[in-house]
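Enquirer: The residues making up each chain are set out below.
Number of protein chains: 4
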Amino acid sequence: MKYAKPLPSYLVQRYQGWKATIFSENKAWYRRLADEGQRPRAFIISCCDSRVHVTSIFGADQGEFFIHRNIANLVPPFTDDSDHHGTSAAVEYAVSALKVAHIVVLGHSNCGGVQGCYDMCSGHAPELEEKSSFVGRWMDILRPGYERVLDVPEEQRKDALEKEAVLVSLENLMTFPFVREAVEKGDLTLHGLWTDIGEGDLHQYDPETKSFKLV
Amino acid sequence: MKYAKPLPSYLVQRYQGWKATIFSENKAWYRRLADEGQRPRAFIISCCDSRVHVTSIFGADQGEFFIHRNIANLVPPFTDDSDHHGTSAAVEYAVSALKVAHIVVLGHSNCGGVQGCYDMCSGHAPELEEKSSFVGRWMDILRPGYERVLDVPEEQRKDALEKEAVLVSLENLMTFPFVREAVEKGDLTLHGLWTDIGEGDLHQYDPETKSFKLV
Amino acid sequence: MKYAKPLPSYLVQRYQGWKATIFSENKAWYRRLADEGQRPRAFIISCCDSRVHVTSIFGADQGEFFIHRNIANLVPPFTDDSDHHGTSAAVEYAVSALKVAHIVVLGHSNCGGVQGCYDMCSGHAPELEEKSSFVGRWMDILRPGYERVLDVPEEQRKDALEKEAVLVSLENLMTFPFVREAVEKGDLTLHGLWTDIGEGDLHQYDPETKSFKLV
Amino acid sequence: MKYAKPLPSYLVQRYQGWKATIFSENKAWYRRLADEGQRPRAFIISCCDSRVHVTSIFGADQGEFFIHRNIANLVPPFTDDSDHHGTSAAVEYAVSALKVAHIVVLGHSNCGGVQGCYDMCSGHAPELEEKSSFVGRWMDILRPGYERVLDVPEEQRKDALEKEAVLVSLENLMTFPFVREAVEKGDLTLHGLWTDIGEGDLHQYDPETKSFKLV
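These protein sequence lines map, in sequence, to chains Z, S, A and R.
Numbers 1 to 215, taken from our numbering, label the letters of the first sequence in order.
Numbers 1 to 215, taken from our numbering, label the letters of the second sequence in order.
Numbers 1 to 215, taken from our numbering, label the letters of the third sequence in order.
Numbers 1 to 215, taken from our numbering, label the letters of the fourth sequence in order.
Careful, some of the hints might be misleading.
Treat identical chains as interchangeable: a pair holds within one or across any two.
[What the hints assert, rightly or not] Calculated pairs, BS3-like style, for lysine-lysine (alpha carbon to alpha carbon, straight line, at most 30 Å):
| id | residue 1 | residue 2 |
| --- | --- | --- |
| 1 | 185 | 210 |
| 2 | 213 | 131 |
| 3 | 19 | 5 |
| 4 | 27 | 158 |
| 5 | 99 | 158 |
| 6 | 99 | 5 |
For the record, the hints were derived by calculation from the structure and aren't laboratory data.
Because the structure is a prediction, the values reported are computed rather than measured.
Bound-form chain Z, shown alone (with noise of 0.2 Å):
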């Protein structure tokens, strides 16, 4: 691997300030951690947007949160066709191995993933739509959100869609025989959200109303 580079030095700086303040300060504890393993109480599937940090919404320390961030926070439906799936591998592992308590989807404002869905399903992203483009298939598993839009007036459709994104990847979830059983038993729960980057507000979906509310 020759193409490795050495970490910039801020990276390195910030780095050595960490080990000696936080890393120092909670040494105890992470090595806890380290000898005996994780035990984290939730599954959070969020997006990679720069601007969404879970961890800081829920002021969570090392060791609570088991974490999978991909494109749109989109959980494919399950198959059985034995290829790398990356999101079906982290549930598994979160729910058959660490046996979380709670599976989290978090979903967010602003989220370019399900813009660029929101631009292929009107027709208006056709790079997307080729077969070569992995946004364009990822996004694929948005598209039955899409259709539920449709009613909604068009300059909310954007955001609705975002919310679809949460709920299309909890009916996903279902559709694992391991997190249905673990639901059904009660030994897990779901719970579908949605953030506002630039409000900092924090929305989750009730199924009373069908809807999503403001924490």
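Based on the hints, put chains S, A and R in the right spot on chain Z.
Expert: Chains S, A and R only, in chain Z's frame:
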């Protein structure tokens, strides 16, 4: 989606604390990030493991790092099968849409995914060999790394395989035409890191000596 | 300009070292910053003093902070006399063109400019009272602060005046209509800091208690 | 000063990291600098631009450079109007109080202030012509430089004007009697530099050829 449940109250409480403090202190900046879009400097590929918080280690605030997290921080090789590839979609978005300057693959000690791969490859985890195992099929990506650690004394192989997870991912990144092109033009640099959770140490890959060195 | 001389060779040597290391490690990002323009999060007003490096204290890399440095980190009050106002121009550019989210005024211990102001106001530096003294006329900005430290025991007045330099600057910032408007709309927040050079301490102004508190 | 807000927590974290590492390692020296006062070798006049870190380029530690930063690294001509002149005060303090051996004016590529001056002088930025524009009135200092770049091919004028900003400042420095006297006595040397942000190049003014040469 009738299965969604209300968020546990301890998380609601912490969210409200975050909103009143950290969000409030950074409101103006978060609004600008929402309005103008993200412009992250680096793309981080890290593990889902709850004990590895790259934003903490590097003192990064919202907006700085675009982050993909999956089991064992793996990147699969480039394919053109039009399937759902979450990791490849994240790489494409980071490099082609966001034009990040750095990709950092961050491995870590005590990695459960790598342990699984080790057990599977050494014949001690037949359940991971099964077609239906998402974790097993995902860890197949690391099989070429397993071959390379067989020369290492047995008690060091597990650690060596964690570092191979970083190197295999860097090698696979270079199979993506748009990654290779950006690297060759000098628009993108790759970095391989491995952190020891219990010691708080950070090691980086040095192509000169073909080994990981303490930062 | 016949007076310009070649750079001392120790600086040439260091520059060449920087180019081969730090620049080289960050080249892709620096090129993007050049092509796309800066988007700094904060505007820092700091002293020219060689002992105060705000980028080091906050681990900031190129692109993060827009920085104005003058004697004693002072902001003059708003005027509309069409004269050359370097500080006011920097404030206007930071707020109106760059739309920074934070303005930080950073004062410091052992400040020679503030010492001069103290000596001048207490009658011990007649040379600074002269019309021709640029330092004296610049330090006139801090005269309202001198009035306010007369209640303080004499041996603490010099330190108190350094903190007044921060407060007077924050007050003067609020006399700029575009600053006031951005603050009132929540698009901009102001912060007052004072650092003890010898102790490495950082204090911030707390409006509740009207005093500087250790961070 | 009721408007001051607490420092964003990511900056608090980074500060604490700095204190525990860089400060801690250099404590003895920083204490001496505090007790004995600064004795900087050079006075640097640089731009506020977030992409230009003169301390990084020259590997300067605390105590080495007395630094004034303003929009477009400009020095106004000497005047005796008793007004607030931040730049002139910094020049006076550096030369008369600190007796620096060098003054370095450091210009740079992609300068927003110089771009504004160029647009204003070529009739494309009427808003900068207004009396109330602090940036416009500050950039008036560079008008004599604009006249001199009209001979240059149009596509090179913007770069040429950035270099004129360095030369105009050096010329204006020589209008300060105490600067001229120190230069003529050989106690002070002046240096004109221009750096290309994207390429990391450094050019210095050579009075022999009346041009900037790569260092």
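Enquirer: Is the C-alpha distance from residue 99 to residue 158 at most 30 Å within one copy, between copies, in both cases, or in neither?
Expert: between (34 Å within a copy, 24 Å between copies)
Enquirer: For the identical chains here, do residue 27 and residue 158 meet the 30 Å Cα criterion within one copy, between copies, both, or neither?
Expert: Cα proximity of residue 27 and residue 158: across copies only (23 Å, versus 44 Å in one copy).
Enquirer: Regarding residue 19 and residue 5, is the shortest C-alpha distance of 30 Å or less found within a copy, between copies, in both, or in neither?
Expert: Both ways: residue 19 and residue 5 sit 22 Å apart in one copy and 15 Å across, limit 30 Å.
Enquirer: For the identical chains here, do residue 185 and residue 210 meet the 30 Å Cα criterion within one copy, between copies, both, or neither?
Expert: This pair counts as within: shortest intra-copy Cα distance 23 Å, inter-copy 34 Å.
Enquirer: Give the relationship of residue 99 and residue 5 under a CA distance limit of 30 Å: within one copy only, between copies only, both, or neither.
Expert: So residue 99 and residue 5 pass the 30 Å test across copies only (18 Å; inside, 38 Å).
Enquirer: How would you classify residue 213 and residue 131 at a CA-CA limit of 30 Å: within, between, both, or neither?
Expert: Neither. Shortest intra-copy (37 Å) and inter-copy (41 Å) distances fail the 30 Å Cα cut-off.
Hint compliance for this structure: hint 2 alone is broken.
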